[in-house]
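2 protein chains.
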Amino acid sequence: MKAEIIAVGTELLLGQIVNSNAQFLSQELATMGIDVYFQTVVGDNMSRLQESLELARQRADIIILTGGIGPTQDDLTKDALAALLSRTLHIDRLAMEHVDNFFVQRGIHMTENNRRQALVIEGSTPLANSTGLAVGNAISHEGKYYIVLPGPPKEMKPMFQDEAKRWLLQHALTNEMPIYSTMLKFAGIGESALEERLLDLINNQNDPTIAPYAKEGEVTVRISTKAPSKKEAMIKLDALEAQIQALLPDHLYASEDVPIEKAIVDLLTDRGLTFSAAESCTGGLLMERITSVPGSATVFLGGIVCYSNQLKEKLLNVPHDLLEGEDAPGAVSAEVAEVLAEQVRMIGDTDFGLSITGVAGPAYSERKPVGLVYVAIAQRGKKTEVHELNLNGNRDSIRHRTVKSLLYRLWRTIVLSEQLS
Amino acid sequence: MKAEIIAVGTELLLGQIVNSNAQFLSQELATMGIDVYFQTVVGDNMSRLQESLELARQRADIIILTGGIGPTQDDLTKDALAALLSRTLHIDRLAMEHVDNFFVQRGIHMTENNRRQALVIEGSTPLANSTGLAVGNAISHEGKYYIVLPGPPKEMKPMFQDEAKRWLLQHALTNEMPIYSTMLKFAGIGESALEERLLDLINNQNDPTIAPYAKEGEVTVRISTKAPSKKEAMIKLDALEAQIQALLPDHLYASEDVPIEKAIVDLLTDRGLTFSAAESCTGGLLMERITSVPGSATVFLGGIVCYSNQLKEKLLNVPHDLLEGEDAPGAVSAEVAEVLAEQVRMIGDTDFGLSITGVAGPAYSERKPVGLVYVAIAQRGKKTEVHELNLNGNRDSIRHRTVKSLLYRLWRTIVLSEQLS
Numbered sequence: 242m243k244a245e246i247i248a249v250g251t252e253l254l255l256g257q258i259v260n261s262n263a264q265f266l267s268q269e270l271a272t273m274g275i276d277v278y279f280q281t282v283v284g285d286n287m288s289r290l291q292e293s294l295e296l297a298r299q300r301a302d303i304i305i306l307t308g309g310i311g312p313t314q315d316d317l318t319k320d321a322l323a324a325l326l327s328r329t330l331h332i333d334r335l336a337m338e339h340v341d342n343f344f345v346q347r348g349i350h351m352t353e354n355n356r357r358q359a360l361v362i363e364g365s366t367p368l369a370n371s372t373g374l375a376v377g378n379a380i381s382h383e384g385k386y387y388i389v390l391p392g393p394p395k396e397m398k399p400m401f402q403d404e405a406k407r408w409l410l411q412h413a414l415t416n417e418m419p420i421y422s423t424m425l426k427f428a429g430i431g432e433s434a435l436e437e438r439l440l441d442l443i444n445n446q447n448d449p450t451i452a453p454y455a456k457e458g459e460v461t462v463r464i465s466t467k468a469p470s471k472k473e474a475m476i477k478l479d480a481l482e483a484q485i486q487a488l489l490p491d492h493l494y495a496s497e498d499v500p501i502e503k504a505i506v507d508l509l510t511d512r513g514l515t516f517s518a519a520e521s522c523t524g525g526l527l528m529e530r531i532t533s534v535p536g537s538a539t540v541f542l543g544g545i546v547c548y549s550n551q552l553k554e555k556l557l558n559v560p561h562d563l564l565e566g567e568d569a570p571g572a573v574s575a576e577v578a579e580v581l582a583e584q585v586r587m588i589g590d591t592d593f594g595l596s597i598t599g600v601a602g603p604a605y606s607e608r609k610p611v612g613l614v615y616v617a618i619a620q621r622g623k624k625t626e627v628h629e630l631n632l633n634g635n636r637d638s639i640r641h642r643t644v645k646s647l648l649y650r651l652w653r654t655i656v657l658s659e660q661l662s
Numbered sequence: 242m243k244a245e246i247i248a249v250g251t252e253l254l255l256g257q258i259v260n261s262n263a264q265f266l267s268q269e270l271a272t273m274g275i276d277v278y279f280q281t282v283v284g285d286n287m288s289r290l291q292e293s294l295e296l297a298r299q300r301a302d303i304i305i306l307t308g309g310i311g312p313t314q315d316d317l318t319k320d321a322l323a324a325l326l327s328r329t330l331h332i333d334r335l336a337m338e339h340v341d342n343f344f345v346q347r348g349i350h351m352t353e354n355n356r357r358q359a360l361v362i363e364g365s366t367p368l369a370n371s372t373g374l375a376v377g378n379a380i381s382h383e384g385k386y387y388i389v390l391p392g393p394p395k396e397m398k399p400m401f402q403d404e405a406k407r408w409l410l411q412h413a414l415t416n417e418m419p420i421y422s423t424m425l426k427f428a429g430i431g432e433s434a435l436e437e438r439l440l441d442l443i444n445n446q447n448d449p450t451i452a453p454y455a456k457e458g459e460v461t462v463r464i465s466t467k468a469p470s471k472k473e474a475m476i477k478l479d480a481l482e483a484q485i486q487a488l489l490p491d492h493l494y495a496s497e498d499v500p501i502e503k504a505i506v507d508l509l510t511d512r513g514l515t516f517s518a519a520e521s522c523t524g525g526l527l528m529e530r531i532t533s534v535p536g537s538a539t540v541f542l543g544g545i546v547c548y549s550n551q552l553k554e555k556l557l558n559v560p561h562d563l564l565e566g567e568d569a570p571g572a573v574s575a576e577v578a579e580v581l582a583e584q585v586r587m588i589g590d591t592d593f594g595l596s597i598t599g600v601a602g603p604a605y606s607e608r609k610p611v612g613l614v615y616v617a618i619a620q621r622g623k624k625t626e627v628h629e630l631n632l633n634g635n636r637d638s639i640r641h642r643t644v645k646s647l648l649y650r651l652w653r654t655i656v657l658s659e660q661l662s
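Respectively, the protein sequence lines represent chains F and P. For the first sequence, the positions run 242 to 662 when the numbering used here is used. For the second sequence, the positions run 242 to 662 when the numbering used here is used.
Because the hints were derived from the structure by calculation, they are not lab data. Be careful, since some hints might not be right.
Copies of the same chain look alike in the list, so a pair counts if it fits in one copy or across any two.
As the list claims (entries may be wrong) - Below, computed lysine-lysine pairings styled on BS3-like, alpha-carbon distance capped at 25 Å:
1. K385 x K609
2. K395 x K426
3. K426 x K477
4. K623 x K472
5. K645 x K395
6. K398 x K645
Start from the sequences, fold in the hints, and give me the full structure.
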């Protein structure tokens, strides 16, 4: 099966946004064993959209379209596909209800153009939009398979995962041996160091395949195999996972595609432990990441964003002498990180207290360079650990890598203390 | 002039990397007044690459290729283009010296395949690579203009800026006027409602053009015009901006492409005002967004993530009776939002205190549905405003839309109070 991805939207051709949809869909299709031969981007223009569709139909079996299904006059994707297939469009009853409800619940007047978001092509399967309004479409026609998805990634991704993938498996991929994968997630190690540790394994085996890739301070290794049943696949995948685990015991934190914050929440939930946090330069990013995990309320009580020295003193009892004065270590110091972690742990009466203080930039002082960050972990009845980080990158990347690094250290602290005891 | 961008590389089709080159080139071409009608991605495959080139030659005047000019056997871009134009390839003397020097300076033996990186098409202009080894190419042939650039962005970008742009201006764009744009940013209004308000304007004028699009809870409108000089362009753009401003005075928060958190930081900095925040269901997201803006420390002191009721009582003095008990309004209520905003404002001694408490889901109680959120703004010496939001979507989208909504209300509160006084 050969696929082509067509992203529709003048904003892509103007460079206002990057085509992350094509990347996401390419990754997904690769894991399904479908080869992507072309990605195309075309503007909100009927004749060029039809030209792209005609071409895709000639050279691919599966055509996936994203974008151009919103309420406005220049959202033309469904019209163009309907024309190509010589079919009509009609309002889908359920999709229209979904749009209506949206406006009724908000007490907003629905403008007429919003009805366009409930349009489906005659004979197609509507794909529900759980995070937005415009309904998607899936249709097979003369041996070709067409999928129409929304443009915004937060609508496109769940619609592909929850709706389009199943439709493809049921309609287009009925004869293929399915691919099964396990995602192994690593923290506290870079992609090239990890690859070096796995080099013998990677070079000496073809099934399951081993594919490492790095993303936002985490490394993922996808191991995949084709098999007639999930059971047979899992025997091969589990054996390889055990080999990898033995080579990287300190870094493998999950056997599914979850961020480390999810692994932390699970780890603490299992053990009935709690934590709280005090953040300065990350401004709440760690707490935001933790609370993005459903169910985090069981283990995470809350904390303090002590962005100013004033709040460090007032809410976290940091001695004024540590923060200001000629010989004071200053807000960005191991001493202050230690007090912040211990104080927030006591305020929250939690098992762990985490803290972050550092220079995320671009502003800096002469004594403290951009990228210098202290993180600390206070534990009930134990000595507080403080770590100094020296990070490269811009403000955003320093903040994100600080949070990943501290969460990794918390994970390791818990796991190692159990191995020792 | 119409352009097409062809990115060559199987890693793009596998989704291993995102096509940021296409975004960069599209932006650059737009500012040069060149319309990009298609972006294509094709793998390292000779026949499909030739097919893409043939098609691009039929539908575009300028064809920009990136990738596939490295040393390995699957780097085929120059071979494919030479074949299309029926020209030969030869080693460029200066480019070969550049490659040789690289290896000599590092004392590494140069393998034979590295010579491929110095290949140029007969009759082309070599484009020097200041940050890598492979030489680029520019060539005009039968009224079409071809540019060959490397794949790695750190080589492609400087080669485009320093070499290709000048070549295009000298060869292809001798008669064109440049395009100038202004980005207008709106909050507190959806894309379709905004478009309806601007419909007459959009329908009745072609210069400047008006292009709305939505992204993550914000709406952007780009207005663009071609003009011989920036001064003449700005006269037209400023006049249109004033018309749009008059139609949407409550929603236009910036005349440049910045998120609302940046507009808030600027607004408060100008006025010497400060704020603090108390967040429950958003877990620190608002504070994280604010502190992502460099310089936010002047206006933002910090705040409290009161995820648990325990911390709401202990740190923010929320009366126990409001939180628990049969007739208590509960943590997710207008009453609690009000106390949180007022208390955090007093603790921080700031001009404004913001608060958020709600049900982000997926868990919910019988009395409080997912998506019910209360946000409040306390002001020194004024009555606290509390708003009830009823949001759809998943946990992530409810949290993000809550934050955007509260920031919009803060912006509006400040701007409106000045209009009234």
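Tested hints:
Neither within a single protomer nor between protomers do K385 and K609 lie at most 25 Å apart by alpha-carbon distance, with minima of 61 Å and 46 Å respectively. Proximity of K395 to K426 under the C-alpha cut-off of 25 Å is found in both arrangements, the shortest distances being 23 Å within a copy and 20 Å between copies. Taking the shortest alpha-carbon separations for K426 and K477, only the intra-copy value of 18 Å comes in at or below 25 Å, while the best inter-copy value is 53 Å. With identical chains, the CA atoms of K623 and K472 are never at most 25 Å apart, being 44 Å at best within one copy and 65 Å at best between copies.
In the homo-oligomer, the alpha carbons of K645 and K395 lie at most 25 Å apart both inside one protomer (23 Å) and across protomers (16 Å), since each shortest distance falls under that limit. Proximity of K398 and K645 under a CA criterion of 25 Å is satisfied in both settings, with 24 Å inside one chain copy and 22 Å between copies.
Comparing the model with each numbered hint stated earlier shows that hints 1 and 4 do not hold.
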